[in-house]
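Peer 1: Let chain A serve as the given structure and place chain B on it in line with the hints.
Protein sequences, first through last, are from chains A and B. Position one of the first sequence corresponds to residue -2 (the numbering used here), numbered consecutively onward. Position one of the second sequence corresponds to residue -2 (the numbering used here), numbered consecutively onward.
Watch out, some of these pointers could steer you wrong.
Said to hold, decoys possible - Okay, the calculated bits of chain A under chain B, using three or more residues with CB under 8 Å as the criterion:
(1) 38 to 52
(2) 89 to 98
(3) 123 to 135
(4) 255 to 266
(5) 304 to 313
Simulated from the structure, these hints should not be mistaken for laboratory data. Keep in mind that this is a model prediction, so the values were computed, not measured. Built from N, CA and C at the ideal position, the CB exists for glycine as well.
2 protein chains.
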Amino acid sequence: MAKRMGRRTLALENRPGIVSYAAVVGGKEGAGPLKKGFDEVSQDSYFGQDSWEKAETAMLGRCLDLCKEKAGGTTPELILGGDLLNQCVSSAFAVKDRGIPYLGLYGACSTMAEGLALAALLLDGGGVDSALAFTGSHFCAAERQYRFPLEYGGQRTPTSQWTVTGAGAALLSKEGGGLRITHATTGRVVDAGVTDANNMGAAMAPAAFDTLLAHFADTGRDFSDYDAVFTGDLGAVGHDILQDMLQKEGLSPGAQYLDCGVLMYDLLTQDVHAGGSGCGCSASVLAAHILPAMERGVWKRVLFAGTGALMSPLTCQQGCSIPGVCHAVAIERRDAV
Amino acid sequence: MAKRMGRRTLALENRPGIVSYAAVVGGKEGAGPLKKGFDEVSQDSYFGQDSWEKAETAMLGRCLDLCKEKAGGTTPELILGGDLLNQCVSSAFAVKDRGIPYLGLYGACSTMAEGLALAALLLDGGGVDSALAFTGSHFCAAERQYRFPLEYGGQRTPTSQWTVTGAGAALLSKEGGGLRITHATTGRVVDAGVTDANNMGAAMAPAAFDTLLAHFADTGRDFSDYDAVFTGDLGAVGHDILQDMLQKEGLSPGAQYLDCGVLMYDLLTQDVHAGGSGCGCSASVLAAHILPAMERGVWKRVLFAGTGALMSPLTCQQGCSIPGVCHAVAIERRDAV
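This is chain A alone, in the form it adopts within the complex (with noise of 0.2 Å):
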């Protein structure tokens, strides 16, 4: 049984485990700085496919079997995914004739944390024993979509992101794993009035401190309570935004406090401008570094704040500033104290 703590945190008192994990991600995200995490890397943009979107619902596949392969082949009773492209095609896609059933999530690109908010609650409160969450996202299939037809070849600027080609999967369950879900603090969509379709940073980071500073309400705890925190994909300029609101605010990040967006790529050298962001960013990181690392023992409890910015190009040309929704999940090992 879930336990409500202070106004929007969920304490698991089972702590749901996660099983296992996997990571599967296009050729520049593995030749960037976590190279060395990811279960696949494909050298073929199109995974195989004739077209970005198709090869965007081969790698969630791939990610999907790789993730129930490393947990013995086990086959979770539920799946919760989601994506960015127009009616969630990919993951609807990817889990197609499987035989398991499947909740989708739309949450841009805080659907991983979503998602295992969501899993680790169905598992605690009962009924469910396995749960599979996952999410991802193709640079090419989202930049036709949000923006140009690569042919196009337009300029970035300064603030924009670069869109993930990866994915990302966690299989829980009841018992299984040593590293437990032990809160969910769940996101409310917050507009801080921010209308740059090319700066989703500013966009994300007003949700993401509001759910961090829920999140810290709620539990009693701060940043020193965890050995690090990391949000999903504001990118170096939406992590010093955030760092700004959260020192003004009084409370010390420091450098504990992390961003997917910007461990993903090497931001000097791989011409990404802000870093990166898409579902895939903070799942294939949570896959392939931040789990990795907490099984090793590199950190003990860690908060993982998956962020995401919910507009569409349509809203966007409406004229309509850009909401932001962030989704938290604590993550512990079992021998955390």
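Peer 2: For chain B alone, kept in the frame of chain A given last:
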């Protein structure tokens, strides 16, 4: 604590209750057979806004407000919702700045059933005391996104359905309400190979068949245990396909099998071809017709099986077939035997 029954059904031991519900629709829906049940009918298809997408957002927001008002102003702890627009923007914008945590879903036209199932599971498993599920769709916004701009005046095929301009919401709590959610059966993504984007009923019927069979097998029930079984929006074509499939399986759906897409309009006079569809179809029929009739005692036990087609214009253009999904929740009067 939810308890697993069979392979795909969860029995909700605490039977979360439906405290309030609301439906807001457009003029065409308000002129149909269910006209007496809607809380509000807007003769202005723009709902006071300057675009159809903003109209959809306004309609959803109004439905949320009404649902809260009808629950005596109760603010739910959590909102679950989604819609059909790219990146699910109308639901995200409708909850923006409301200060309530939001979990975005994408279940296409099955979103209301998915949201009800998840809300009920989160309530049953502890932690969450109240949750609101909502969704909606707008004919004009859907037409220009999925098919053609209205100004083009394209002909519609006989099997096509009319996207409902409507929104539905239901507020659930652990304690309140005479109508209780007793079971949730989650859907698998089923692809029967249908490629005609103007025949959604045929594309979704196999998913409904799959979920109904699973629900009956898991619970030991059949049609005779329900006063009425509703599919979401198969329309007249999909309704008949599903009825045939069920009869071949030896089941007797009979008169208690109904479809929200068939109920929404007068198929003979309202020129909607095969009937209603869209997220707003099953959501507003639930709130305007099914739940009120249950409260009046017309039906004591109902199965509400939301159906969704998990496609996009792009997947159809790329030659992919159209998979479907169906999530079912059993709703019961407290005094049902």
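Peer 1: All hints, please: hold or fail.
Peer 2: Structure-based check of each hint:
1. Here's how the region 38 to 52 of chain A fares: 3 of its residues keep a CB closer than 8 Å to some CB of chain B, so the rule of at least three is met and the hint holds.
2. Counting residues of the region 89 to 98 of chain A whose beta-carbon sits less than 8 Å from any beta-carbon of chain B gives 9, enough to reach three: the coverage restraint holds.
3. Under a criterion of three residues with beta carbons nearer than 8 Å to beta carbons of chain B, the stated coverage of the region 123 to 135 of chain A is upheld, 4 such residues being counted.
4. Against chain B, the region 255 to 266 of chain A contributes 0 residues with a C-beta closer than 8 Å to a partner C-beta. That does not satisfy the three-residue criterion, and the hint is violated.
5. Look at the region 304 to 313 of chain A against chain B: 6 of its residues bring a Cβ nearer than 8 Å to a Cβ of that chain, three or more, so the hint holds.
Violated hint: 4 only; the structure is consistent with all others.
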